[in-house]
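Protein sequences, first through last, are from chains A and B.
If you're matching positions, the first sequence starts at 1 in the numbering used here and goes up one per residue.
If you're matching positions, the second sequence starts at 1001 in the numbering used here and goes up one per residue.
Any given hint could turn out to be false.
[Said to hold, decoys possible] Derived DSS-like pairs: lysine-lysine, alpha-carbon spacing no greater than 25 Å straight-line:
no. : chain 1 : residue 1 : chain 2 : residue 2
1   : B       : Lys-1064  : A       : Lys-13
2   : A       : Lys-45    : B       : Lys-1078
3   : B       : Lys-1064  : A       : Lys-45
4   : B       : Lys-1064  : B       : Lys-1049
5   : B       : Lys-1064  : B       : Lys-1078
6   : B       : Lys-1023  : B       : Lys-1064
[To be verified] Stretch-level coverage of chain A by chain B, calculated; a stretch enters the list once three of its residues show a Cβ under 8 Å from a Cβ in chain B:
no. : stretch
7   : 17-23
8   : 52-64
Because the hints were derived from the structure by calculation, they are not lab data.
All C-beta atoms, glycine included, are put in the ideal place defined by N, C-alpha and C.
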Amino acid sequence: MAMDPTEIVRLIKDGIPDAQVQIEDLRGDGDHYAAYVESSSFAGKTRVQQHQMVYRALQGRMGGELHALALQTGVPRG
Amino acid sequence: MENAVFERIRSDISDNDVVLYMKGSPVFPQCGFSAAVVQVLTHLGVPFKGVDVLTDPSLRQGVKDFSSWPTIPQLYVKGEFVGGCDIVREMYQTGELTELLNSRGIDARPAA
C-alpha cells in the first residue's frame, strides 16, 4: 500500500500532458501525499471534473494502492 | 444488484437535502477524511444524513461507481454530488460551500 511519488507524477503527466505537479509526502511513509496539479485543460471545468481527470490519470490506483492523496487543482494564470 | 444500490443512493439523496456517505457514523467517524467533512458541516450548522458505507460493502463500492469518484467521504446536496474531503474543505475555506448551500435553500452559518 505504498507508491513512489515519481510514479504518481509520471501517471498524472501521462494522462494530462501539460500538468504541472507539486507533490509532498505528508508523513514520509509513501502512503499519504498531497498534490497540487495545474493544467490549462482544467479551464471551464468544475472542481469535481478536474479531480476526476486526475483520478482517471491515476488509473484506479486512487482509493486502492494509493490510500491518501489530498488533491488541489488549478488553472495556470496568465 | 448494482441497480438496487444505485436506486438506494438515488432515494437517499432525493429524500434528504444533505447526505454524507462516510466511514463510520457522524458521532464516531472511522476515518480522518470523513471526520473532517462532519466537522465542516457541524461548523456550518447544517443538518445532514450520514450513511456509513462500512456496514455495507456493496454500498461502499456502489457509491464510488455512482459518482465516478474513487474515495469516501462523498457529499451530496439536493441530489447533486459536491465532492470529497479536499473539495469540501477548500469550498468551506473560500465560503463557496455556504453559498452553495444557501443557493439551494439550506441555512448555513457563514464560515468563521
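- prompt: Are the Cα atoms of Lys-1064 of chain B and Lys-1078 of chain B separated by 25 Å or less?
  reply: OK: Lys-1064 of chain B and Lys-1078 of chain B at ~18 Å, within 25 Å.
message: Does Lys-1064 of chain B sit within 25 Å of Lys-1023 of chain B, going by the straight-line distance between their CA atoms?
response: holds, 13 Å
- prompt: For the pair supplied as a hint, Lys-45 of chain A and Lys-1078 of chain B, is the alpha-carbon distance within the 25 Å limit?
  reply: holds, 20 Å
field: Restraint check for Lys-1064 of chain B with Lys-45 of chain A, where alpha carbons must lie at most 25 Å apart
entry: The hint holds at about 20 Å.
Proposed proximity, Lys-13 of chain A with Lys-1064 of chain B (alpha carbon, max 25 Å): holds, 24 Å
- request: Given the hint that Lys-1064 of chain B pairs with Lys-1049 of chain B, test it: the Cα-Cα distance must not exceed 25 Å.
  value: With Cα atoms ~18 Å apart, Lys-1064 of chain B and Lys-1049 of chain B stay inside 25 Å; holds.
message: Cut-off 8 Å, C-beta pairs, minimum 3 residues; does the coverage of the stretch 17-23 of chain A by chain B stand?
response: violated (count 0)
message: If you count the residues of the stretch 52-64 of chain A with a beta-carbon closer than 8 Å to a beta-carbon of chain B, do you get 3 or more?
response: Holds: 6 residues of the stretch 52-64 of chain A have a Cβ under 8 Å from chain B.
In this structure, only the earlier hint numbered 7 is contradicted, and the remaining ones agree with it.
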